[in-house]
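Given the structure of chain R, go ahead and fit chains W, L, A and Z onto it with the hints provided.
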Amino acid sequence: MRLFRKRYHPPGTAPGTLNAFEVQDDQPRSVQLIEYSQDHIKEIQTPEMSKLGDSLHSDHLTWLRVNGLPDSDWMKALGGAIEIHPLAQEDILNGGQRSKIEPYDSQFFVVIDVPDLKNKTLSIDQLYILWHKNYLITFYTGRRDMFDPVLKRLHSEGTRARKFGLDYLIYAILDLAIDQAFPILEHLGTQLENLEEELMDGPDENVLHKIHQIKRQIIHLRRAFWPQRDVISQLMRDEDHWFSQSVRLYLRDCYDHTIQIMELIESYRDTSSSLHDLYLSSASMRMNDIMKVLAIISTVFIPLTFIAGIYGMNFQANSKWAMPELSWAYGYPMVWCLFIIITIGMLIWFRKKRWI
Amino acid sequence: MRLFRKRYHPPGTAPGTLNAFEVQDDQPRSVQLIEYSQDHIKEIQTPEMSKLGDSLHSDHLTWLRVNGLPDSDWMKALGGAIEIHPLAQEDILNGGQRSKIEPYDSQFFVVIDVPDLKNKTLSIDQLYILWHKNYLITFYTGRRDMFDPVLKRLHSEGTRARKFGLDYLIYAILDLAIDQAFPILEHLGTQLENLEEELMDGPDENVLHKIHQIKRQIIHLRRAFWPQRDVISQLMRDEDHWFSQSVRLYLRDCYDHTIQIMELIESYRDTSSSLHDLYLSSASMRMNDIMKVLAIISTVFIPLTFIAGIYGMNFQANSKWAMPELSWAYGYPMVWCLFIIITIGMLIWFRKKRWI
Amino acid sequence: MRLFRKRYHPPGTAPGTLNAFEVQDDQPRSVQLIEYSQDHIKEIQTPEMSKLGDSLHSDHLTWLRVNGLPDSDWMKALGGAIEIHPLAQEDILNGGQRSKIEPYDSQFFVVIDVPDLKNKTLSIDQLYILWHKNYLITFYTGRRDMFDPVLKRLHSEGTRARKFGLDYLIYAILDLAIDQAFPILEHLGTQLENLEEELMDGPDENVLHKIHQIKRQIIHLRRAFWPQRDVISQLMRDEDHWFSQSVRLYLRDCYDHTIQIMELIESYRDTSSSLHDLYLSSASMRMNDIMKVLAIISTVFIPLTFIAGIYGMNFQANSKWAMPELSWAYGYPMVWCLFIIITIGMLIWFRKKRWI
Amino acid sequence: MRLFRKRYHPPGTAPGTLNAFEVQDDQPRSVQLIEYSQDHIKEIQTPEMSKLGDSLHSDHLTWLRVNGLPDSDWMKALGGAIEIHPLAQEDILNGGQRSKIEPYDSQFFVVIDVPDLKNKTLSIDQLYILWHKNYLITFYTGRRDMFDPVLKRLHSEGTRARKFGLDYLIYAILDLAIDQAFPILEHLGTQLENLEEELMDGPDENVLHKIHQIKRQIIHLRRAFWPQRDVISQLMRDEDHWFSQSVRLYLRDCYDHTIQIMELIESYRDTSSSLHDLYLSSASMRMNDIMKVLAIISTVFIPLTFIAGIYGMNFQANSKWAMPELSWAYGYPMVWCLFIIITIGMLIWFRKKRWI
Amino acid sequence: MRLFRKRYHPPGTAPGTLNAFEVQDDQPRSVQLIEYSQDHIKEIQTPEMSKLGDSLHSDHLTWLRVNGLPDSDWMKALGGAIEIHPLAQEDILNGGQRSKIEPYDSQFFVVIDVPDLKNKTLSIDQLYILWHKNYLITFYTGRRDMFDPVLKRLHSEGTRARKFGLDYLIYAILDLAIDQAFPILEHLGTQLENLEEELMDGPDENVLHKIHQIKRQIIHLRRAFWPQRDVISQLMRDEDHWFSQSVRLYLRDCYDHTIQIMELIESYRDTSSSLHDLYLSSASMRMNDIMKVLAIISTVFIPLTFIAGIYGMNFQANSKWAMPELSWAYGYPMVWCLFIIITIGMLIWFRKKRWI
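Chains as they are written, first to last, in this note's numbering: chain R, 2 to 357; chain W, 2 to 357; chain L, 2 to 357; chain A, 2 to 357; chain Z, 2 to 357.
So here's chain R without its partners, still in its complex pose (with noise of 0.2 Å):
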């Protein structure tokens, strides 16, 4: 996950400029246009640009569903086909945008970040939803399956998808891309969990790795997250009436569960400093154990070696101030004596000391 995920023009170009950018996208892209109402609905895969104007404009609920990113000549004849406004088109064009809400004239443009765990790798994709009377596009750069249980749940008549209007239909669009952070946590939290029982053992440099990678991912989350709440509140306030009442409900129940997504993140933050803490605390309380072992070792033996070096020394005058310890009868075992008394007392004076 890259910290900078913006594409966008050389400053100063003219706003709605349509770049083609080279994406790396390895999945094919899709377009669906799904028709829909109370009791029928029909799929047309890639449907011709030139109809579209007209399904779109029918009285029919429509949904275009573009998967993958549009190129920039075919956002430029779809625009052409329906009006959209050209900061909409560069928006979803450039990509890495912020989570927002932009009511154009006549029409609504979304933009909301949906995060996804595909192989135990965190990606940020990005939604943007653009709705008017009776139609709705979606454009995703994801996963392509993402948003397929909704689609399910319309073709799946007497549902309240089918029965209720495209409000409804935005809502569970939305409600989907929101409720993908829950899996995500649930992750997260696991791995928090597993790094507080690894510290348990003792710190290590996987370990520290670890954190620092939780850390980033709860960054860019919490970036990803934190917008997605306004979007959902300022939906909920709703100043020019897309939603019915009863959807509104379903909308609150979605803006609780940004808010609940906020704590979690919040917590984990905390949780994930509190790790690094006792990580930190944890490496200085080994290295003390260290240090302590280092230095009775050394203050029980440096002494002892001294000694030993001083009977190690060659004095040999005629004289009786030569080394005459060599000589006593019982000069070893006294310094054998010499060596355990040091040795105990270094030991006693340790344990005053609370070291052993």
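It should be emphasised that the hints constitute simulated quantities derived from the structure, not laboratory data.
Wrong hints could be hidden among the right ones.
The list treats identical chains as one, so a pair stands whether inside a single copy or across any two.
As the list claims (entries may be wrong) - Straight-line C-alpha distance at most 25 Å; calculated BS3-like pairs for lysine-lysine:
no., residue 1, residue 2
1, LYS119, LYS134
2, LYS164, LYS77
3, LYS354, LYS43
4, LYS164, LYS353
5, LYS153, LYS119
Same frame as chain R, but now just chains W, L, A and Z:
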């Protein structure tokens, strides 16, 4: 205590879906129906579902008390008998909600975290309260006897609980749920003070892990207590006029408690991080101490040992340059003088550096 | 000072229950009734309970001053004589409340923390003030003579305390309670400055524990002072018109003091944590110093000792390879040259590394 | 980048005093007058001051673009010709203002920080914009070609810049100024990620100073970006109706960018301090490693050397107590056994302590 | 600079009590009366108290400028002559107030902190401003010539100070007081940058104490500057219509300065704590360096010394097991080979560990 303790459906599931989660709950589930008015009270264990609707919609004040997690079938049956909003049903079955308040069309739904301390282990269970004109339903997943004190007060005639309406009962239940925090905070406070005393004796790894444990518990409790205040403050504003003037006075008392709890938690947080700082500094102090001893012993004896080593060399050439000191009459005593001078010099130097 | 200093009933107890807690209070309890108007003042020690009701409801301004914790029976009797809200009674008996303001139907109830410094020990006691049209009741659990200065001003004719109404008396009592903070903050400020000077001399464990003690006291005081500001600001807004225009001016002065106190506490907090940082860095500096000395001595003498060790070896084969240096005429002086060269080389290297 | 980069008159100088500060600016100053309407555009280099007044007050839209700091005389002349508020004149000459918006009686004055990255060195220059009905004056102290892209768009017929009024030109200039942040943030983001990778290889002092440099730049940028948001939000509220409906939409886009920039800066701040923590922990980890090796080698060899020292002693008395081991037949192999046993014992003990 | 610099009466003293505190002030007190209108100005040194009342209540604009702390008698006399609210009198005599604004019945009272830098020592003095319709009284306890620049501007005819009313004079005085911060902040900024450079050379205890000193000064200045902003913003709102439209414009400029000052202080705070972090990390880096050298030298030589020790042993039994190596012809060269092999092995191992 898990960091992530929400149960959730896979993202994209229709809201209000009631899945039965497997929950390990070793206590039997119990359902109680309490009908009461100012001058009578009747308690029915495990009431029949078919008669439940009539009981709840009668003129008596009725408290349906469910202990333990209801299974999804029972929930659906209840929802059929007395109309419960699907989102409320889902919330109760899912568990792990954030404390919140939900005004549905004709009902009021409150979720509140209830911390509990069993055998020195902290757990946070959830209480769900749902009320309508004449009836009140509570679902509680924790200790079975938690709300018995309220029931007891209801049984004794002439108490406020009997004289006042349903609103007082709601207050009494919430008050009990919130006051649960006090014994826990008292316990934590005592633990913090004990840790402080242990730290006076010197840092050890045990204390470190205890500090971390308390920090974790504080993070959990903070997350649980923070939204409690919002819940009570929203109830106090009482835009739907559920509460009489006098009960609102009691709610204010309850609100005061939530603030007091938050302030205590905050000062515990400060105290625990101050303890952690103390731990770290204290450990680095010990380290300094150990290093000082090691350095003193080493710097005194290493030069001495070197000198002893010199006179242990075996230069034996027939030359006046070959270690003449060894054959001086007073060579040995002179070396001893050197030893003593060096030692005293070192000690004076350490004294000047204030190491000893 | 305990972290948790609230007394509480077991959760679920009916609000307003008056239990007698065992409190260790070695000072005798005293009750005083002070009746005064602009031109007379009368003081009655331990007034009879039966006549209390009449006294308080007479036209005179009356101050009932209770020093020490009333027992629950006395409280119940008083509550019977002059109608005190059960929640107020409970708060007074329980103690350990958060500073707050409670407007009951016809009475006003204020709880405020009063810090006190006896023999350099910080304690926080509570003052409860209850007033109605003509009377004022204070309960104070701390030092008996705390509010004597106000009484003295009441005794001297012509003072504002006598001329103005009950509102000025309330202000005077609160003002005294709040200004108690200044001598304590002055004491803490002096302590912090002393610690700063002690730290200049070098860190020792004693200083560390003193810093921690001050941090703890700051946490306690912050918790006590923070709500004081709210209390005074609520009184200033004075929605029930208890205070005359001129007394409100004095309250504003009092409010300024609460802000000044909070700002001082905050800057003490910053200072104490800056001191702690200084301590840590200073300790790590000393450590570096010690290590440097150890490293210099060791790295100089260890190679020398090794060389001395070499020439202490006893290879004695009749071979020209068996330590020929030992029999060179200038072997010994050459070794000394080696010693000196190595030492000088090391010192130059240390100098370059800027260790010495 | 200086921490304090404001130029100021000595305190007490009358406001609006125009002193010429000595500024080192190696680029020549240039003045350009651009007159344009929907279908024509005229550019005059270094216009005569005397005709300036007429040009600005004509019906054409006029942009007077001053690159480099004007001297105080020129400023006074300009102020005479077209009435500029003395405080605005002073602000422009002094420089180092905070980004702000000043509505003077008939003019609007905006100061905005423009960060710039020349040869990997960050600098923050200031753009002053002053506008009235028909004219716009910009003063910019940084790179001369910074606002050329806007001029280019103005030159090409049919662009929004030409079609729309002065308000769009103001927006275009501000947009360019604010979008300057993106390349800089991208650069910083890349630097942070590189540092992260360098840290994986192990901490070294170079990395440390790089982290500190980035922290400093973030502090500077934060101070520069924070007030930008206020400026744009105040313009958006547009209480004086300078901006048309459609331009306000573009301003909202610009406002979104300021928020995005702040959020990026905040997450960079978190990342950089997390990197610093990682650095510290990683360094302490290395330290532990080093100490472990030292301790293992020392604790193994110190006792062995002591034993070798013992049997190097020269006790030679004719007594059976004088080092009898030396004359045992198997004395030497037994010492070697002792060496091996001690070593293996130590290694087992280290293993148990998990040092190796 | 003392942490606690308020003078206060013992708690419980009646408000408005004027006690003379002993203040060490080595500068003589001076009183000046300045009467001015658009076309004349008159300055009277040490005016007589009896005529003061008339002067102040005349139609001229009058500025009574008191330098140094007035004694309580003088204050009482002044209070008698022109009615000053007792709380204002007390505040002036007590000193150490928080910057604030007090609207008394007919007067306005402003207290503002004025930082000053004499001989590189920071001090914070207080300016008290009291004004009524036609007169302005200032009390300032710091440097006597602080407000001379304003007086000078007043003396030169035709300046705004002379043309505009009393409100401009108030603004000019406040502006000077607030702008005092800039030279101080510039000084601090330079100090921080110097410290940064000193740190590049390596950490030493001197730098540490300098960082702590700057941190302390920042804490003091923050406490002094924070309320300044409130004061100016309250004056700008100008609910009592003291200020004319054009002066309010100047006040806005002044307000901008207070914000700029706060932002600078905040970024200094961040910088100083980032410096402290740098110091700590840099110190731990040095430590690692020292330890590495010690560890390398020790781990290389300790085993060598041990081997030399072995062959210094005196096993002399007539047995082929008694140190046969000693009598081998190539024993000594083989030991040297061992020495060299061990050394090279160690160095390779250190290289692999990247210690060298």
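So, going through the hints one by one against the coordinates:
{"no.": "1", "hint": "LYS119 / LYS134", "in the structure": "neither (35 Å within a copy, 49 Å between copies)"}
{"no.": "2", "hint": "LYS164 / LYS77", "in the structure": "between (34 Å within a copy, 21 Å between copies)"}
{"no.": "3", "hint": "LYS354 / LYS43", "in the structure": "neither (83 Å within a copy, 66 Å between copies)"}
{"no.": "4", "hint": "LYS164 / LYS353", "in the structure": "neither (81 Å within a copy, 68 Å between copies)"}
{"no.": "5", "hint": "LYS153 / LYS119", "in the structure": "within (22 Å within a copy, 45 Å between copies)"}
Against the hints set out earlier in the document, violations occur for numbers 1, 3 and 4.
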